[in-house]
Amino acid sequence: MSTVTASQTSPGVRARTHVVDPATAVARARPHTTLSETVSQTLFMAWRSLKKMRRNPEQFFDVTLQPLLFTAMFAYIFGGAISGNVKSYLPLLIPGIVAQTVLTTCMSTGVQLREDMEKGVFDRFKALPIARIAPLAGPMVADLVRYLIAAGLTFLMGVIIGYRPGGGAAGVLGAIVLAIFTGWAIAWIFTFIGTIARNARSVQGISMLFLFPLTFLSNAFVPVRTLPGALAAFVRVNPVSHLVSASRDLANHGVISGEVGWTLLAGLAVIAIFAPLSVYSYKRHI
Amino acid sequence: MTTASVSATGLVKAFGEVRAVDSVDLEVQQGEIFGVLGPNGAGKTTMLRMLATLLPIDAGQARVFGVDVAREPHRVRQLVGVTGQYASVDEDLTATENLWLFGRLQGLRSADARATATDLLAQFGLEEAANKPLSQFSGGMRRRLDLAASLISRPPLIFLDEPTTGLDPRTRGQMWDTIRGLVADGCTIMLTTQYLDEADQLADRIAVIDHGRKVAQGTPDELKTSVGSSTLQLQLADGADHDLARQVVWRVVGRAPVLTPESGRMNVPLETADVAGDVLIGLRQAGVTIVSVSVAKPTLDEVFLALTGHDTGDAAQSDESSPDEPLVEAR
Chain A
1 MSTVTASQTS PGVRARTHVV DPATAVARAR PHTTLSETVS QTLFMAWRSL
51 KKMRRNPEQF FDVTLQPLLF TAMFAYIFGG AISGNVKSYL PLLIPGIVAQ
101 TVLTTCMSTG VQLREDMEKG VFDRFKALPI ARIAPLAGPM VADLVRYLIA
151 AGLTFLMGVI IGYRPGGGAA GVLGAIVLAI FTGWAIAWIF TFIGTIARNA
201 RSVQGISMLF LFPLTFLSNA FVPVRTLPGA LAAFVRVNPV SHLVSASRDL
251 ANHGVISGEV GWTLLAGLAV IAIFAPLSVY SYKRHI
Chain B
1001 MTTASVSATG LVKAFGEVRA VDSVDLEVQQ GEIFGVLGPN GAGKTTMLRM
1051 LATLLPIDAG QARVFGVDVA REPHRVRQLV GVTGQYASVD EDLTATENLW
1101 LFGRLQGLRS ADARATATDL LAQFGLEEAA NKPLSQFSGG MRRRLDLAAS
1151 LISRPPLIFL DEPTTGLDPR TRGQMWDTIR GLVADGCTIM LTTQYLDEAD
1201 QLADRIAVID HGRKVAQGTP DELKTSVGSS TLQLQLADGA DHDLARQVVW
1251 RVVGRAPVLT PESGRMNVPL ETADVAGDVL IGLRQAGVTI VSVSVAKPTL
1301 DEVFLALTGH DTGDAAQSDE SSPDEPLVEA R
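Protein chains in written order, with our numbering: chain A, 1 to 286; chain B, 1001 to 1331.
So that you can see chain A by itself, here it is in the shape it has in the complex (with noise of 0.2 Å):
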């Protein structure tokens, strides 16, 4: 810009000539921002959140004492019952922990977000002249470092315990960015969610309502034969459950199945619905 170079000539001394020409910046003034501008800002807020991860570690506590300590808690408490031992288990197991694990992740998205929005700087990128949707959008971008964090470790930890994954390197690969993509699209409802709410907690009361039936009325640690008729009817459809499967098609036998097909379709629906809904709703109410 040239009005930059005007003040640096002399730093310390305020340039006494006349740098700001209204006409020129009316004539500048562009009535929309472009999509490869879009993608550059939330870029740059998704900079700013993995900054502020940085410097409050704390954040990490969730994805990686949760993968480790119930990957280890679920195996030998359920391993028996359920599968008779616990290495036999494992192949049901991790990838709903995975599962899990990940929409954990994905509400205290919304969570942080709405704690970020009670704050001042959200009032300055409200009146930049940037896409509405980047101040939202960039947080998700960089907690795509948290679901990895998260899905690599119950992985990890899995093998540890014994776990050895059919599949190989590349189907755990495929699992852990199909759970990567799952979280990121599910995590649209809960911005949904920190958009609409009214401080942080009620966001997680919300959240929970909603996360509860999702992860445990799956078939993340349970074969669905177990479960009563109705019971076995909404685990059937829970998109969960559809993330679980195709899951365990990947790390456990290499198979890019059906299943895979409708997470993906599950995923796009949701960010479909809800990544605009939560747009309308960031303008009209902060």
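Treat the hints as calculated values from the structure; they're not laboratory data.
Examples of chain B residues lying across from chain A (beta carbon under 7 Å, computed):
#, residue
1, A1052
2, E1072
3, P1156
FRET-style restraints, in silico, Cβ to Cβ:
#, chain 1, residue 1, chain 2, residue 2, range
4, A, K119, B, P1056, 13 to 23 Å
5, B, A1273, A, Q59, 54 to 64 Å
6, A, G166, B, Y1086, 48 to 58 Å
7, B, P1056, A, L43, 21 to 31 Å
8, B, G1010, A, R28, 26 to 36 Å
9, A, Y280, B, T1003, 24 to 34 Å
10, B, S1110, A, F210, 35 to 45 Å
11, A, I196, B, A1184, 42 to 52 Å
12, A, T64, B, R1213, 55 to 65 Å
13, B, E1027, A, E58, 51 to 61 Å
14, B, P1269, A, I196, 55 to 65 Å
15, B, G1125, A, L217, 54 to 64 Å
Some chain B residues close to chain A (C-beta under 8 Å, calculated; not the full set):
#, residue
16, Q1030
17, F1065
18, G1066
19, H1074
20, L1079
21, Y1086
22, A1087
23, S1088
24, D1090
25, F1102
26, L1105
27, D1185
28, G1186
Every residue, glycine too, gets a C-beta built ideally from N, C-alpha and C.
Put chain B on the given structure of chain A with help from the hints.
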């Protein structure tokens, strides 16, 4: 040829039953400092937020350099800088990181964003604190950083919401200098304030807002004339000759003082504060003894009383942070 920086007609914002801003018309010329004066809750901030696209406009129309605020908010955002009452900077980032991020978000290249950040931090005397966490910043430093953040894209119009509320007198003076500097650079400033003194010092024109309505508009001089000027408050000694005192005052200022005989208090309206000396000399020559003297400037309360017939109803006006204090106090 020059379009008004801000031109608003019939601006309305309603929160439920309450009309926070009620049919306000405004016209801010290019290159002027336009002050919006009013007590807390008068609707100043709401008005500013509407003009800055931060709040939807319920009725009426607003244009910024001819661009419709409601219809083309994205273009308006490229023309205005906003500095709110509460610092809108990121607490978890350093000052440099904040400015760099805001620069990048507005399309500056990385090197340019860094140069602009360095430059602005120097201009605002923050270079030493550039890489410190914001938690170590004082209120004044935050306010300066916030203003710096509004200037990155060099917007031709800057909204300042109570830019000096809560600042000490020295920092307030610095902020005033900065604001004058911006105007010298070609910016238009629209600022809100609760302080008549501040509006007086800075603004070319002032709109007085009360209960969401514009109750007066004019230059600071025009407004002050409507209120009267300074008042000399005297406490006469016991047994002083009140009639004699009254005669002296009449001879010197050509106006009758307001006397409260029971307490021996006498208020003398003054054209200018320096006539106070003449009154005191006159009283001394006549042998009238005085216990205490003070000269008070008209306060925002008095402006309001004169303009609206009711006071501001705002306790903050009378506390020690208000600049509308007596100029001289001798005892």
